[in-house]
Amino acid sequence: MSDARTRMVARAAREIEPGMVVNLGIGLPTKVINHLASDFPVCLHTENGLSGIGPTLPPDRADRNLIDAGGAYVSTVPGSAFFDSATSFALVRSGRLDLTMLGAFEVSQTGDLANWKIPGKFSPGAGGGIELAQKARRVAVLTTQTDRAGNPKLKAACDLPITARACVARVFTEMAVIDIAPAGFSLVELAEGVSAGEVAEATGAPLILPDGDIPTF
Amino acid sequence: MSDARTRMVARAAREIEPGMVVNLGIGLPTKVINHLASDFPVCLHTENGLSGIGPTLPPDRADRNLIDAGGAYVSTVPGSAFFDSATSFALVRSGRLDLTMLGAFEVSQTGDLANWKIPGKFSPGAGGGIELAQKARRVAVLTTQTDRAGNPKLKAACDLPITARACVARVFTEMAVIDIAPAGFSLVELAEGVSAGEVAEATGAPLILPDGDIPTF
Amino acid sequence: MRLPDKTTTLEEAVAGIGDGAVVMVGGFGVPGTPFTLIRELVRQGPKNLTVIKNDANETGMGVDHLLASGQVARLITTHIGLNPRAIELMNAGKIEVEFNPQGILAERIRAGGAGLGGILTDIAEDTELARGKQRVEIDAKRFLVETALRADVALIHADRADTFGNLDYVATARNFNPLMAMAAPRVIAEAERVLALGELPPDDVHTPGPFVDHVVELGALTEEYAVVRR
Amino acid sequence: MRLPDKTTTLEEAVAGIGDGAVVMVGGFGVPGTPFTLIRELVRQGPKNLTVIKNDANETGMGVDHLLASGQVARLITTHIGLNPRAIELMNAGKIEVEFNPQGILAERIRAGGAGLGGILTDIAEDTELARGKQRVEIDAKRFLVETALRADVALIHADRADTFGNLDYVATARNFNPLMAMAAPRVIAEAERVLALGELPPDDVHTPGPFVDHVVELGALTEEYAVVRR
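Going down the list, the protein sequences come from chains A, B, C and D.
If you use my numbering, the first sequence corresponds to residues 247 to 463, in order.
If you use my numbering, the second sequence corresponds to residues 247 to 463, in order.
If you use my numbering, the third sequence corresponds to residues 63 to 292, in order.
If you use my numbering, the fourth sequence corresponds to residues 63 to 292, in order.
Bear in mind the hints are in silico, worked out from the structure with no lab data behind them.
Model, not experiment: these values are computed from the prediction.
Incorrect hints may appear among the rest.
Calculated cross-link-like contacts (lysine-lysine; reagent style DSBU-like; alpha-carbon spacing at most 30 Å) [to be verified]:
hint	chain 1	residue 1	chain 2	residue 2
1	C	K109	C	K156
2	A	K367	D	K195
3	B	K401	B	K367
4	A	K401	A	K367
5	C	K195	D	K203
6	D	K203	C	K203
7	D	K109	D	K195
8	C	K156	B	K367
9	C	K195	C	K156
10	C	K195	B	K367
11	C	K195	D	K195
12	D	K156	A	K367
13	D	K195	C	K203
14	A	K401	A	K277
Bound conformation, chain A alone (with noise of 0.2 Å):
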């Protein structure tokens, strides 16, 4: 992983508070559970049925029963429990998920996510996202600023199938932290040597700037 991805995984990590019951989605998202120290006091939850998700494991000591949502090895820690698949999104739609962190395709300025379908390319299913989307308490997004192809992934209206509308409160890149405000995408922090406008450039919506310094990470 890039240098300016393993800063933007470290950021999000910042973003869970003490206490919290968290579900990091599949790719970047996972990774954030590796900045998170080990008497941190957090409970992880994955969707096919597990609360209190250890450390990930080698394939030489994984346990061929215990795995994560995105199939990878995972281990637990002291107090886990294991649940059925109900039991699990219970707990996802009942508001017992205090955060989430998901990938996404793109994000609308007022929050809608989409991250599931690419007509006609990409139509796996939805798996578990559109509850933890709609569901957890509050939504965070670790993406790239834009697509391979340089296109902006935060755009003033998603164009492709919604996961959820309205959900993400904010959404973490390799170049800012951006919260979707009541009047748009607005920069919260800047990664280290990136500016403002360089932001925008890459932001297919009007980004408001806040008043004063922007802090970096």
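Got chain A; can you put chains B, C and D on it based on the hints?
Chains B, C and D in isolation, oriented as in the chain A frame:
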């Protein structure tokens, strides 16, 4: 318990076929358990969350956390399982209960059952009775032929609020075994020393008599 | 990462339940009834409560104390036949009682705990309990809409808890407890034993810790826990 | 009273599943997938099946064998991204695929297992997955009707079973298994170990025996059970 009632309960016990899952309601039906052999293959269910009821225990050997739905101290057998109230009724409603035996205030000739409420007199709530009556694959009733005032409990139609419609298949009384046939109450067996005429007289709707000899119990 | 500690005192666990609160109470008869939490709720004294419980316990036990102290305005239940006071208060119009088929009460609570709006069922369709309820048709079959139930607070009795709030129940003391432990934003569990993290096997946990907010360890059990009077 | 014995052979357990049957298959990825029961279903060969499973496993594993043999007409699932064959068959119109939000698939199956007609939810309301679904209003809030799912047969993988069919699962191999084990009139469980009655503690049973019809003890596990290829 009078001899007549003991015979009736013993007869009802013979209704249980090997391999069945059975729920025995509060009152007379619970006594059926005393007539099941220790090696008889059956699973007794109680709606407060146990499959595999064992023999009733005296208070000095009771477990404070182990009761049946009627509040009696019960025991387990090898292979018992405990579960929550939702799972317990899932079992009932999804067709896993082969037979339930219930008490009754009234049974109609179309199999309607009234056993939970006497307006103005007795309104404690239906408990789990509605689901047992409506969803067990077979519903048998154990009751006296008449109430204390001598009025028939088997009637053309129920006057009391019903528990479930068209649910009762067979009634065991101290006088007879009576089926709910398409044409109405149908005498199947007589208690020893009781005549078909006596049963007909104590029944509040026409009683269909079988051709030929009537077996006794 | 370590799992947060949720142990607290009885007084703090129950503090701040306001007048008019909706309170779920676990238990079926004696087993699983959180007698100690109920006593504390009586002591703290919030009024005009809606209590959701399978039954009303018996005279001098559990929910009966809340009835005796006049704290209950409404009872959502399945069967109160063993509590003469509850029946008397109902008949006198002093409490409102809503009866549910037992398994439907369980499903309505579970639906609340699962973040659903309700369930569809054919149970009780022909009875007076179905009166006034909305209907939905699926493939020409008619179902009753039974709405989800949630509470402001759930009072739970567990056999064992760990400090994170993972719970297990014993024998028929399980009943409504794991369902109610999902169905409120504030879940208070009393436990006969509180264990260190890691002492409850993760495959045997009945209520996962994320659902639970406060854990109170019981001392010596009062007489209520041991008596079945019938 | 003793509890009946439900142990049988693999061949007999799976026998008689007809063309057009609806088959639920436990598992989320590798853990909890009943690979041996699936292999036997391939060997016995019923066609035109509707398969209900969280995912389509991966190439050369589990449900992929049923897809390769052309036995599947319809797949009700949440995510098939790890099985290129499933995506290809779907895109070519050779199988019909119905996608569900994962927790909603779980609830629909549970509703079937609980004898309900369906559930009410606001999940996916704004997405294309909500298209064509019935709506119900409760207190001015709109919910989707998600219908209950039942199958003709459910294929379950357990860690331990007893001879009566009480089951327990281990770690994240639990997933959809206990839900599906309630949702069919014929439930077939393969178990890594089959124990005598009384060897499974009654408080730790995950699927009570009354839900289960056939128990098959697995011998040495095939390679499929141990491999996660990613």
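Evaluation of the provided hints:
1. Of the pairs offered as hints, the one joining C:K109 and C:K156 holds, with about 13 Å between alpha carbons and a cut-off of 30 Å not exceeded.
2. Of the supplied pair hints, the one linking A:K367 and D:K195 holds, its CA atoms being roughly 26 Å apart against a limit of 30 Å.
3. Under the criterion of a C-alpha separation no larger than 30 Å, the hint pairing B:K401 with B:K367 is consistent with the structure, at around 20 Å.
4. Taking the CA atoms of A:K401 and A:K367, the gap is about 20 Å. The hint holds against a cut of 30 Å.
5. A distance of roughly 16 Å separates the Cα atoms of C:K195 and D:K203; the hinted pair therefore holds under the 30 Å criterion.
6. At most 30 Å may separate the alpha-carbon atoms for a hinted pair to count; D:K203 and C:K203 meet this at roughly 24 Å.
7. With a C-alpha separation of about 29 Å, the suggested pairing of D:K109 with D:K195 holds against the 30 Å cut-off.
8. Restraint check for C:K156 and B:K367: satisfied, since their Cα atoms lie roughly 18 Å apart, inside the 30 Å limit.
9. Taken as a hint, the C:K195 and C:K156 pair is honoured in the structure, with Cα atoms around 24 Å apart against an allowance of 30 Å.
10. Note on C:K195 and B:K367: the hinted pairing holds, with a Cα-Cα distance of about 26 Å set against a maximum of 30 Å.
11. Of the supplied pair hints, the one linking C:K195 and D:K195 holds, its CA atoms being roughly 21 Å apart against a limit of 30 Å.
12. The hinted pair formed by D:K156 and A:K367 meets the criterion: a straight-line CA distance of about 18 Å does not exceed 30 Å.
13. The suggested pairing of D:K195 with C:K203 holds, with an alpha-carbon distance near 16 Å, which does not exceed 30 Å.
14. Of the pairs offered as hints, the one joining A:K401 and A:K277 holds, with about 25 Å between alpha carbons and a cut-off of 30 Å not exceeded.
The structure meets every hint from the earlier list without exception.
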